[in-house]
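Student: Below are the chains, spelled out letter by letter.
Protein chains: 2
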Amino acid sequence: MNAFPALLAEIALIQDLRSAAALLDWDHQTYMPRNAAEDRASQLASLASVIHERETAPGYAKHLEAAEKEVADFPPDSLERCLVRVLKRNFEKESRVPASLVRELAETSANAHHAWAEARETSDFSLFAPFLERLLDLARRYAALFAPYRNICDPLLDNYEEGLTAQHLDPLFSGLQEKLVPLLRKIAASPQPDDSFLRENFDPAGQLRFSAEVLARMGYDFTRGRQDLSVHPFTASFGLNDVRITTRVQPDAPLSSLLSSVHEGGHALYELGIDKKLNRTPLANGASLGFHESQSRLWENLVARSLPFWECFFPRFREIFPGPLADADTAAVYRAINKVTPSLIRTEADEVTYNLHVMLRYEMEKELLNGTLSVKDAPDAWNRKSMEYLGIEPGKDSLGILQDIHWSMGSFGYFPTYALGTLLSAQIWQTAEKELGPLDADLRAGNFAPLLDFLRSRLHVHGAMFTPQETLRRVCGVTEIDPACFLGYLEKKYSALYGF
Amino acid sequence: MNAFPALLAEIALIQDLRSAAALLDWDHQTYMPRNAAEDRASQLASLASVIHERETAPGYAKHLEAAEKEVADFPPDSLERCLVRVLKRNFEKESRVPASLVRELAETSANAHHAWAEARETSDFSLFAPFLERLLDLARRYAALFAPYRNICDPLLDNYEEGLTAQHLDPLFSGLQEKLVPLLRKIAASPQPDDSFLRENFDPAGQLRFSAEVLARMGYDFTRGRQDLSVHPFTASFGLNDVRITTRVQPDAPLSSLLSSVHEGGHALYELGIDKKLNRTPLANGASLGFHESQSRLWENLVARSLPFWECFFPRFREIFPGPLADADTAAVYRAINKVTPSLIRTEADEVTYNLHVMLRYEMEKELLNGTLSVKDAPDAWNRKSMEYLGIEPGKDSLGILQDIHWSMGSFGYFPTYALGTLLSAQIWQTAEKELGPLDADLRAGNFAPLLDFLRSRLHVHGAMFTPQETLRRVCGVTEIDPACFLGYLEKKYSALYGF
Chain A
1 MNAFPALLAE
11 IALIQDLRSA
21 AALLDWDHQT
31 YMPRNAAEDR
41 ASQLASLASV
51 IHERETAPGY
61 AKHLEAAEKE
71 VADFPPDSLE
81 RCLVRVLKRN
91 FEKESRVPAS
101 LVRELAETSA
111 NAHHAWAEAR
121 ETSDFSLFAP
131 FLERLLDLAR
141 RYAALFAPYR
151 NICDPLLDNY
161 EEGLTAQHLD
171 PLFSGLQEKL
181 VPLLRKIAAS
191 PQPDDSFLRE
201 NFDPAGQLRF
211 SAEVLARMGY
221 DFTRGRQDLS
231 VHPFTASFGL
241 NDVRITTRVQ
251 PDAPLSSLLS
261 SVHEGGHALY
271 ELGIDKKLNR
281 TPLANGASLG
291 FHESQSRLWE
301 NLVARSLPFW
311 ECFFPRFREI
321 FPGPLADADT
331 AAVYRAINKV
341 TPSLIRTEAD
351 EVTYNLHVML
361 RYEMEKELLN
371 GTLSVKDAPD
381 AWNRKSMEYL
391 GIEPGKDSLG
401 ILQDIHWSMG
411 SFGYFPTYAL
421 GTLLSAQIWQ
431 TAEKELGPLD
441 ADLRAGNFAP
451 LLDFLRSRLH
461 VHGAMFTPQE
471 TLRRVCGVTE
481 IDPACFLGYL
491 EKKYSALYGF
Chain B
1 MNAFPALLAE
11 IALIQDLRSA
21 AALLDWDHQT
31 YMPRNAAEDR
41 ASQLASLASV
51 IHERETAPGY
61 AKHLEAAEKE
71 VADFPPDSLE
81 RCLVRVLKRN
91 FEKESRVPAS
101 LVRELAETSA
111 NAHHAWAEAR
121 ETSDFSLFAP
131 FLERLLDLAR
141 RYAALFAPYR
151 NICDPLLDNY
161 EEGLTAQHLD
171 PLFSGLQEKL
181 VPLLRKIAAS
191 PQPDDSFLRE
201 NFDPAGQLRF
211 SAEVLARMGY
221 DFTRGRQDLS
231 VHPFTASFGL
241 NDVRITTRVQ
251 PDAPLSSLLS
261 SVHEGGHALY
271 ELGIDKKLNR
281 TPLANGASLG
291 FHESQSRLWE
301 NLVARSLPFW
311 ECFFPRFREI
321 FPGPLADADT
331 AAVYRAINKV
341 TPSLIRTEAD
351 EVTYNLHVML
361 RYEMEKELLN
371 GTLSVKDAPD
381 AWNRKSMEYL
391 GIEPGKDSLG
401 ILQDIHWSMG
411 SFGYFPTYAL
421 GTLLSAQIWQ
431 TAEKELGPLD
441 ADLRAGNFAP
451 LLDFLRSRLH
461 VHGAMFTPQE
471 TLRRVCGVTE
481 IDPACFLGYL
491 EKKYSALYGF
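In the order they appear, the protein sequences are chains A and B.
Its first residue numbered 1, the first sequence is counted upward by one per residue in this note's numbering.
Its first residue numbered 1, the second sequence is counted upward by one per residue in this note's numbering.
Hint data in this document are derived by calculation from the structure and do not stem from the laboratory.
What you are looking at is a predicted structure, and each value in this text was computed from that prediction instead of being measured.
Accuracy of the hints is not assured; some may be wrong.
Identical copies look the same in the list; a pair holds intra-copy or inter-copy alike.
Restricting the straight-line Cα-Cα distance to at most 25 Å, the calculated cross-link-like pairs of lysine to aspartate or glutamate (DMTMM-like) are [unchecked claim]:
#, residue 1, residue 2
1, 276, 104
2, 276, 25
3, 277, 38
4, 277, 104
5, 339, 491
6, 376, 491
7, 276, 107
8, 492, 440
9, 179, 491
10, 366, 104
11, 434, 393
Take the sequences, apply the hints, and build the full model.
Tutor: Structure below.
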C-alpha cells in the first residue's frame, strides 16, 4: 500500500492551502486595512488556482483510482473508504471547472465583497449591481458545466447539500409556508410582549463579556478559537484546532449579539468536535451546510431562546447590566427574546418568520439565475416579495436586497441550507430528548455537557464522512428531514407564549 | 514576446502565496489561539513547499532563460532586467535546496517559535535547546549546499544581504568596536541623566494612541496598514498595499513602545513607498535587510531620539500623560531617551551600545554554526560575552540568550544587518541633509514630508531592483558603507549630551 499514503500527504497539503485561504478570508472580514482589498482578491484567487490545479492535476485521477483499490477491503464506514468517496466526488466536480473560471470566481467574489460592503453602508444598490451581474453570470457558467439538470440551481444546491435539488426543495418549502402563515396569523392576533427594555444602552464590552461567558459554558474552547468583530458574523476554521467566530455588537440590541455568538458558537462546536484523525483532510468539515446550520440553529434557538437557559443566565445578565435590566426578570427576557414579529433582517428574525426570509431569498435566486428577473429589477422584486412573505417592506436596500453577504461571495444556493438546518435542529433535539430525557433541568443548571456529548458522539465526530442522508440516519435513525418536528415545536412553544 | 509575460503571471502567483504565508505568520504572532500552533506549522510548511516546488519546477530555468532573452535589449535598470537578475539569483539558490529541507525548515521553525515563546516566558532554556539544536543542524545542512565558502555563515549572510561575508564583516565590526568602547567609557565617566519619571504608570491605551498619532504624522497610511500587539515587535507585508506593524506595551516604559512603533513604522514606510509597478514580484521588497534596517533605525534614532522631534511632540505627550509628566520638560525627555547605559535587551538599547549587542549575537552565531560552541554551553557563553561586550550579565536566560525571536525562526546571519542598517542610517541622513539642508526645523514643526520624499524618491521607490551596493550608490553616491558617518554622529551628539 503506497498510493493511499501518498494521496493522504497530497490532500493534507491541499487542505493546508484551504486553511490558508480561510485565514485570508477571515482577515479580510476582520482586520484587513481598507486599501488592501484588491491585492487580497488576487491572493485568494491564486490560492484557489493552486488548489484547483493540484486537485485536477494530470495523474491525480489515476492516483485516486490506485488508492481506492488499496482500501477496497476496508469497511465502508472506515475513514479510508469515506475519504476516497468524498475525494472522487470532489474530483468529478472540480475537473469540470476550467482553471480560468476558478480564478475568475475567486477574484470577482473577493472584489464584490468590498463593493457590497460599501453599497450596504451607503444603501446604494447601484454600487453592487455590476458585481451581482458578473457573479450571476459566473454562477450560470459554473452550473452549465453540470448540465443537464432540471433547474439551474441544482448544481449550486449540490455544492452545499449533497444531492439537494429544487425538485426536492420546492414542495418542502411550500408545505412549510402553508403551516407557518396561519401560525403567524394567530400570533399576530394575540397581544405582543414588551421588549422595549432591551433597547436601552447596553455597553458593548459588557455584551462581549457576557457572550464569552456563555460560549465558555457551552464548551467552546478559547485555546482553539477566539471571537472577533465583523460586519457579518461568521465562523472560520483553519484546521480542527483553530475554529474562530465573529459577532457584531450594537448597544441597543444585546440579544442580537448574544444570539449571533451562540449561533456561531454552535458552528464552531461542530468543527471542534470532529475526530482529530480527520484533520487536514476534506472530511474535517460538517456533513453538509444543512447539518452545520442544524448545530448553530439548535444552540441559538432550542438552547438560547429557551426558558431554562434564561433561568440559568438571567442573574448574570442583570449583574452585567444592572441599569437597563433593573425592572426586568427571567420571564420578561424569555418573552422578549421570543417576540414574533415580521422584521426585515434575516439574521435577527424570530423562529417563526425566519424560514420565510430564507424562502424569499431562494425564490429570488431561482428567478435571477433563470433570467426571469433582471439585476436592475431585483431591489423592487425583493421589496415586493418582502411584502408578500412578511407583510412589510424595507425602506432602503441596505435593509432589503443588500443585507446579506452571501451573494457578494458568489454563494447562490446557500440560503436554503439555513431552513434545512432549522428543520434538522428540531429533529435532532427531539432525538436527544428521546434518548437523554428532557433537557430542561440540565439547561437550567447551565450543564450543557450531556447535550454536547450527544451531539459530539452522534454527529460531530464523523465530520463529513457520510452523506447528509446517511448522517441523518446515524443521528436520528431516519433518512428524511421531517418538518413536523419543527412545526410541532413551534406550535407548542408559541401557543404557550401567546396564549392561544 | 510571450515568455516574459507568462513568467510575470507565474511569479505574481508565487508572490501571492508568499503574502499568504506572511499573513499566516502575522496571525501566528498576534491573534492565533494557543493550541493551533502545530497545525499552523504544517500550513506554513505546505506553503513553503508549494512555493519552492514552483520556483524550481522542471522547465522553470528554461522559461527564465527565454524571458531573459526577450528583455535583453531593455535598459539595465529597467524593471524587466532587474527582475530577471533577481529571479536568476533566487533560482540559483532555491534549486540547490531539496524540497524535504524546505519543508523541514518551515515546520521546525514554526514549532520552535512556540517552544521559544514558552521558554522565554518561563526563562527555561532547556525547553528551547532541542529546537535550537535542530535549527542549527538545518542551517548547517543548508549552508553546506553552497560550499565551498570561507565561513559557514557566508551563505546565510548572503540571504539577508547580497554578497555579505564574514571576511567583510569581521574587520568592520572590530573597527567599530574599537571606537565604541572608548566613547562608552567617556560616557560612563560622566554624570547620568535622570529617567526615573519614565518609570511611572503610563496607561497602555494612551501609549498606543500617542504612537498612532506619531505614525500618522510620519506618513504611515492606516488605510494600508495597522498596528497590533505581539511579544516581539515586527513588520509584515502582504503586498504593497498592506504593510502592518506590531508593538508591545509596558506601563512603565512608554518610550520603549513609542520607539518600537517608530522603528517598525520606518520599515513599513519603506515598503509602502515602493513603486506599485513592482507589486506581486520579488522586487516588492527592500534592497536588503541592511537597507531595511537603515530605514527603521533612521526613524527610530535620527528622528525619534532627536531634540527637535521632542520639541514637536512633548506637548502632546504630556497632554496624554499629565500625571507622570507633570514635572518633566522637553529637555528632560530628550536626555532620558538618550541615556547611555549598558543594558540587557537589544531592542531597548541606546544608540551607543546597540551595535555591541549585535556583535555579541554574531559572535555566538559563528561559534554555534562552526561547532566551536555547543548548545548546552550557549547560555553561559552568552552571559560571558555580555560581560565582555557590555559589562553586565543577565540574571536569567529570558534576558539573555532567549530574548530574541530570530534563532527560533531559523534566522542565523540576520543580526549583522541591524548593525549595517544603523551605519547606513547615519550615512543616508548625512546625504539627506547635504541635499535638503539641516532637517531640524522640519522635525521641530512635525513636517516629515521633505525627509520622506527624499527617502522615497532615492531609496524606497526602487524596492529590490538593485544590489545593496548599487542601491547605496544611488542613494549616497558611494559604494561602501562608511562607519565614520555613524561614529561622527555619535561623537557629536553624545559629547554635547554628556558634556565632554
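Student: State for each hint whether it applies.
Tutor: Structure-based check of each hint:
For the identical chains of this complex, residue 276 and residue 104 are inter-copy neighbours only, at 23 Å across copies versus 34 Å inside a copy, given an alpha-carbon limit of 25 Å. Both within a single protomer and between protomers do residue 276 and residue 25 lie at most 25 Å apart by alpha-carbon distance, with minima of 23 Å and 23 Å respectively. Taking CA atoms no more than 25 Å apart as the test, residue 277 paired with residue 38 passes between copies only; the shortest distance there is 14 Å, against 37 Å inside one copy. Taking the closest pair of Cα atoms, residue 277 and residue 104 come within 25 Å of each other only across two copies (22 Å); inside a single copy the shortest separation is 34 Å, beyond that limit.
In this assembly of identical chains, the alpha carbons of residue 339 and residue 491 lie at most 25 Å apart only when taken from the same copy (14 Å versus 76 Å across copies). Taking the shortest Cα distances, residue 376 and residue 491 never come within 25 Å of each other, neither inside one copy (40 Å) nor across copies (72 Å). With identical chains, the CA atoms of residue 276 and residue 107 are at most 25 Å apart between copies only, with a shortest distance of 19 Å across copies and 32 Å within one. In this homomeric assembly, residue 492 and residue 440 come within 25 Å of each other (Cα to Cα) only inside a single copy, at 15 Å, whereas the closest approach across copies is 78 Å.
For the homomeric pair residue 179 and residue 491, the shortest alpha-carbon distance inside one copy (10 Å) is at most 25 Å, but the shortest distance between copies (87 Å) is not. In this homomeric assembly, residue 366 and residue 104 come within 25 Å of each other (Cα to Cα) only inside a single copy, at 22 Å, whereas the closest approach across copies is 50 Å. Taking the shortest Cα distances, residue 434 and residue 393 never come within 25 Å of each other, neither inside one copy (41 Å) nor across copies (68 Å).
Violation of the numbered hints given earlier is confined to hints 6, 11; the remaining hints are satisfied by the structure.
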